[in-house]
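**Q** One-letter residues, chain by chain:
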Amino acid sequence: MKRSLFHDFIKGFVEENPTFRLVIGMCPTLAVTTSVVNGFWMGVAVIFVLTFSNVFVSLLRKSIPDDIRIPVFVILIATPVVIVELVMRAYLPAMYEILGIFVPLIVVNCIIIGRAEAFAYHQPVLNSLMDGLGIGAGYTINLMVIGGIREFLGTGQITIGSVSFPGTPLFEPAAVMLTPPGGFITLGLLMAALNIAVARSENRKKARRAA
Amino acid sequence: MEVVAVILGGVLINNFIFMRYLGLCPFIGVSRQLETALGMSGAVIFVMTFASTVTAAFEQFILVPLGLEYLRTIAYILVIAAFVQLVEIFMKKTAPGLYRALGIYLPLITTNCAVLGVAMLNVRNSYGILMSTLNGLAGALGWSLAIIIFAGIRERWKLMDIPPVLEGFPLALVSTGLMSLAFLGFSGLFRNLVK
Amino acid sequence: MEEKLVISSSPHIKGPKTVRGIMLDVIIALIPACLASLILFGWKALLIIMASVASAVASEALYEKAVKREVTVGDLSAVITGILLAMTLPPNVPLWIPVIGSAFAIVIAKQIFGGLGCNFVNPALAGRAFLLAAWPMHMTRDWLNPLTYDAVTSATPLAVLKGTGQGTLPGIKDFLLGVRLGSLGETSVLALLLGGIYLIARGVIDYRIPLGFLGTLFVGTLVFGKPGAFFQGDGVLAILAGGAILGAFFMATDYVTSPVTARGRLYMGIGAGFITLLIRLWGGYPEGVTYGILLMNLVTPLIDRFVVPRYYGYAHDRAAKEAAAGGR
Chain L
147 MKRSLFHDFI KGFVEENPTF RLVIGMCPTL AVTTSVVNGF WMGVAVIFVL TFSNVFVSLL
207 RKSIPDDIRI PVFVILIATP VVIVELVMRA YLPAMYEILG IFVPLIVVNC IIIGRAEAFA
267 YHQPVLNSLM DGLGIGAGYT INLMVIGGIR EFLGTGQITI GSVSFPGTPL FEPAAVMLTP
327 PGGFITLGLL MAALNIAVAR SENRKKARRA A
Chain S
104 MEVVAVILGG VLINNFIFMR YLGLCPFIGV SRQLETALGM SGAVIFVMTF ASTVTAAFEQ
164 FILVPLGLEY LRTIAYILVI AAFVQLVEIF MKKTAPGLYR ALGIYLPLIT TNCAVLGVAM
224 LNVRNSYGIL MSTLNGLAGA LGWSLAIIIF AGIRERWKLM DIPPVLEGFP LALVSTGLMS
284 LAFLGFSGLF RNLVK
Chain W
-7 MEEKLVISSS PHIKGPKTVR GIMLDVIIAL IPACLASLIL FGWKALLIIM ASVASAVASE
53 ALYEKAVKRE VTVGDLSAVI TGILLAMTLP PNVPLWIPVI GSAFAIVIAK QIFGGLGCNF
113 VNPALAGRAF LLAAWPMHMT RDWLNPLTYD AVTSATPLAV LKGTGQGTLP GIKDFLLGVR
173 LGSLGETSVL ALLLGGIYLI ARGVIDYRIP LGFLGTLFVG TLVFGKPGAF FQGDGVLAIL
233 AGGAILGAFF MATDYVTSPV TARGRLYMGI GAGFITLLIR LWGGYPEGVT YGILLMNLVT
293 PLIDRFVVPR YYGYAHDRAA KEAAAGGR
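Protein chains in written order, with the working numbering: chain L, 147 to 357; chain S, 104 to 298; chain W, -7 to 320.
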């Protein structure tokens, strides 16, 4: 049976959203989300690493012995991480400084080894490619949304490149949003809000079935 | 003096959980009970301290002489994984009591980003082997302090009526936020000593 | 089995009537300090207290309505949170500061965990810590000159003592009456002590917490207060100059977030005093009372777990247990 490639891509956004449904990869989710732009570049780095490792794990899945698969996964993940580090340092040195140790730490991000183990190790190459792109894109959107909320409340505006919106803040920004307490509380409340929304829609479905 | 500064910095001022966001998954995952939090703390203190030693030595004696610093990430993760494996085997043979207490936590530690994180921070601060070890110990003590406090708080939740939409991660994150709000009080402590 | 016995946490108050009675006592005890703040800082003080209380009560009612719980504003605990938060604010802050602070205190620090008795940090102090991290400029500069009501941004006595600000220190009489720069309700020492003594006399709070707190602060400042010379610091000034009295009598003694046992309460006071001292003398902020109490709130469950009262027949009990275990 051939799985739908489209489904493998799209499931990363809602159904298997890494932050809110699977709840993994939390350290960078909090550490780099002080602005939309930071979230975006971290997300791009993760998309590259995840897609690379998914494709190679899937390609080699028949020749990797079961017993040593974890160390092999780690090497297949660390290789693209090193590539990302070198490329970022060369072309985006300022962003590389901001993201700091969280770029090399992608290597221990549970999302990536989790997808290798749960998906790519058992699925064909194309599906694994779509899975990597989809989960990575879902993760990127999460980082940008959380970064957006924190940046807006913490600085009063959203700044992308040299453009800020709105030009002058409409309220006195709450600096706490950019600090760790602000990050923890924002993510906690976002998760609660999402849980409430999910519970509501399930209740509605139940009610419809009963009717 | 520098020793005191590193310890205070790691435990209170730049606490791994509350200020650096490192090692959150196990912090939330194994903090439901004080006993498991203590066990995990023991394992983390042991591994983080000596993984710092091993990676710093690896940096100084292998990566730098060979000019292979750009392979640091890949090298460190392998060194840490191998180290944890060795500790597990060694502990099983020589200290079965300790192994029984900490053994189940060891595999969890390879995926704890705090271990690789502290190794990376050591390099960024250009610490030598001794200072790296100390920094690893301080970070691990801070992490342990955080999880032990949190486990104490969480044990009380068993008696409380918490709505299901908040249970688990949402409430754990909000509480971590409140705790880190309290730890903000230490920021700027001994500013002339601590980086 | 043992665990279950230890965990049963405060408050050991049963029934809403008693909660309300105790809360009423606390409100009575806060009246002198509130009146003092009105005299010292004028109508701005009244507006801040009103905004803070209104926001606290409204947040509590709205949240409980939203999650379909029984509305518990009648127990008056939200009123106290509102007053206490107002007491910790500089008198010239814009009114949205107490409104946001109280809403944070009630919803994030208390109601999310299930309401009164389930929070692990003092709501008012969590609100203040949030405001201080969010709008530090307002929280450290919006002062009013007492009695003349002029807006000033000069340094509070604690900042002067720390050397981070310029200014002159008032005399002891002004400290006792509260004629100095400072937060709304922290300045008038006599009014606060009046309330504190009332609470102790009524048996509402345990004297051990303020004693441990202020005692540690006094001795610690005496010994370490002057850089380079031991036993030269001014311990009395340390108690008078900041928010120590307000914190020690009204915040650290909160039932829900302080230990249950007598010994535990003494440790709580000493710990909060010690952290306050640490932050005041070597920390990044001029005042450490908020953080001292909040950090001790965090370890209160651990204190309750490990500092258990010895009960009669304990040794006998253990001997019996060991004998039983040996016999098997």
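These are computed hints drawn from the structure, not numbers from a lab. Fair warning: this is a prediction, and the values are worked out from it, not measured in the lab. Just so you know, even glycine gets a beta-carbon here, dropped at the ideal spot from N, CA and C. One thing to keep in mind: the hints can contain errors.
Said to hold, decoys possible - Simulated restraints on C-beta separations:
| hint | chain 1 | residue 1 | chain 2 | residue 2 | range |
| --- | --- | --- | --- | --- | --- |
| 1 | L | I221 | S | G145 | 25 to 33 Å |
| 2 | L | P239 | W | P128 | 58 to 66 Å |
| 3 | W | P128 | L | L151 | 46 to 54 Å |
To be verified - Residues from chain W that keep clear of chain S, each with C-beta distances beyond 10 Å, as calculated:
| hint | residue |
| --- | --- |
| 4 | L87 |
| 5 | A143 |
| 6 | G163 |
| 7 | L169 |
| 8 | G280 |
| 9 | L286 |
| 10 | L290 |
**Q** Run every hint past the structure and note whether it holds.
**A** Hint check:
1. L/I221 / S/G145: 25 to 33 Å: holds, 30 Å
2. L/P239 / W/P128: 58 to 66 Å: violated, 31 Å
3. W/P128 / L/L151: 46 to 54 Å: With a Cβ separation near 52 Å, W/P128 and L/L151 satisfy 46 to 54 Å, so the hint holds.
4. L87: holds, 23 Å
5. A143: holds, 27 Å
6. G163: holds, 30 Å
7. L169: For W/L169, whose nearest Cβ neighbour in chain S is about 29 Å away, the distance exceeds 10 Å, so it holds.
8. G280: Contrary to the label, W/G280 does not stay out of reach of chain S, its closest Cβ about 6 Å off (not over 10 Å).
9. L286: Non-interface label fails for W/L286: nearest chain S Cβ at 4 Å, not farther than 10 Å.
10. L290: It is violated; W/L290 is separated from chain S by about 5 Å at its closest Cβ, not greater than 10 Å.
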